[in-house]
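Visitor: Sequences listed follow chains A and B, in order. Residues are numbered in the working numbering as their position in the first sequence, beginning at 1, plus a constant of 1. Residues are numbered in the working numbering as their position in the second sequence, beginning at 1, plus a constant of 1.
Honestly, the hints are just simulated from the structure, not real lab data. Heads up, a few of these hints could be off.
Identical chains blur together in the list; that is why a pair holds if it fits in one copy or across any two.
[Said to hold, decoys possible] Below, in silico cross-link-like pairs of lysine-lysine (DSBU-like), each with a Cα-Cα straight-line distance of 35 Å or less:
(1) Lys60 x Lys82
(2) Lys15 x Lys65
(3) Lys63 x Lys93
(4) Lys82 x Lys65
(5) Lys15 x Lys82
(6) Lys15 x Lys93
(7) Lys63 x Lys82
(8) Lys65 x Lys93
Number of protein chains: 2
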Amino acid sequence: MEMEGKNVIYVGQKPVMSYCLAVLTALRGGNTEVSLLARGRAISKAVDVAEVVRNQFMKDLKVKNISIGTETLETEGGSSKNISNIEIVLAKG
Amino acid sequence: MEMEGKNVIYVGQKPVMSYCLAVLTALRGGNTEVSLLARGRAISKAVDVAEVVRNQFMKDLKVKNISIGTETLETEGGSSKNISNIEIVLAKG
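Can you build the whole structure from these sequences, using the hints too?
Guide: Below, the structure written as structure tokens:
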């Protein structure tokens, strides 16, 4: 995932609207692009955030790219666990 | 979402491995492409299915396209509710 020079918002446990507000704030600061990153169960929420912002707040916002991947996390027991992630890049008209 | 002439697998409540098997079976029948469709919380699972198949079973499988959208569902009370969806198109090398 490319992250340099881009606004990155990590989607986790907060409500969908918190992340929508973060997207709107990021795009108000002169940036034309913002990336949503999420892993595991938060992936569904990242999609919700992208859709809610596009449908309800910024109709000219486009989904520029979506990519998926896998990360390996160490568990407390010392074993490793794979977890999926997603990056959704949103760009202004 | 385009669905004609493509293998479509709806990802829902079953375990990840059930859908991985469905993908492998679909691709064994001479098809070179398969679409995973999911909505709501199953979106995270659809990403898991794509990643597990690609990392563990078919290394030459590529993510050809990912698209997201919103559907409106009628609830029992007569009101409507928006739900996000995802389509992940996987294609053989």
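Visitor: Checking an output row: Lys15 and Lys93, CA cutoff 35 Å. Within, between, both or neither?
Guide: So Lys15 and Lys93 pass the 35 Å test inside one copy only (24 Å; across, 37 Å).
Visitor: Should Lys82 paired with Lys65 be assigned to within, between, both, or neither, using CA atoms and 35 Å as the limit?
Guide: Both: 30 Å inside a chain and 26 Å across chains, each within 35 Å.
Visitor: Pop the pair Lys63 and Lys93 into one bin, within, between, both or neither, using alpha-carbon distances up to 35 Å.
Guide: Close inside one copy (6 Å) and across copies (28 Å); limit 35 Å.
Visitor: Classify it for me, Lys15 with Lys82: is the Cα-Cα distance of at most 35 Å met within a copy, between copies, both or neither?
Guide: Both, since 24 Å and 20 Å are each at most 35 Å.
Visitor: Pop the pair Lys60 and Lys82 into one bin, within, between, both or neither, using alpha-carbon distances up to 35 Å.
Guide: between (38 Å within a copy, 19 Å between copies)
Visitor: At most 35 Å between C-alpha atoms: does Lys65 with Lys93 qualify within a copy, between copies, both, or neither?
Guide: both (9 Å within a copy, 24 Å between copies)
Visitor: State whether the alpha carbon distance between Lys63 and Lys82 is at most 35 Å within one copy, between copies, both, or neither.
Guide: This pair counts as both: shortest intra-copy Cα distance 33 Å, inter-copy 22 Å.
Visitor: At 35 Å max between alpha carbons, let me know whether Lys15 reaches Lys65 within a copy, between copies, both or neither.
Guide: Result: close both inside a copy and across copies, 24 Å intra and 31 Å inter.
Taken one by one, the earlier hints all hold for this structure without exception.
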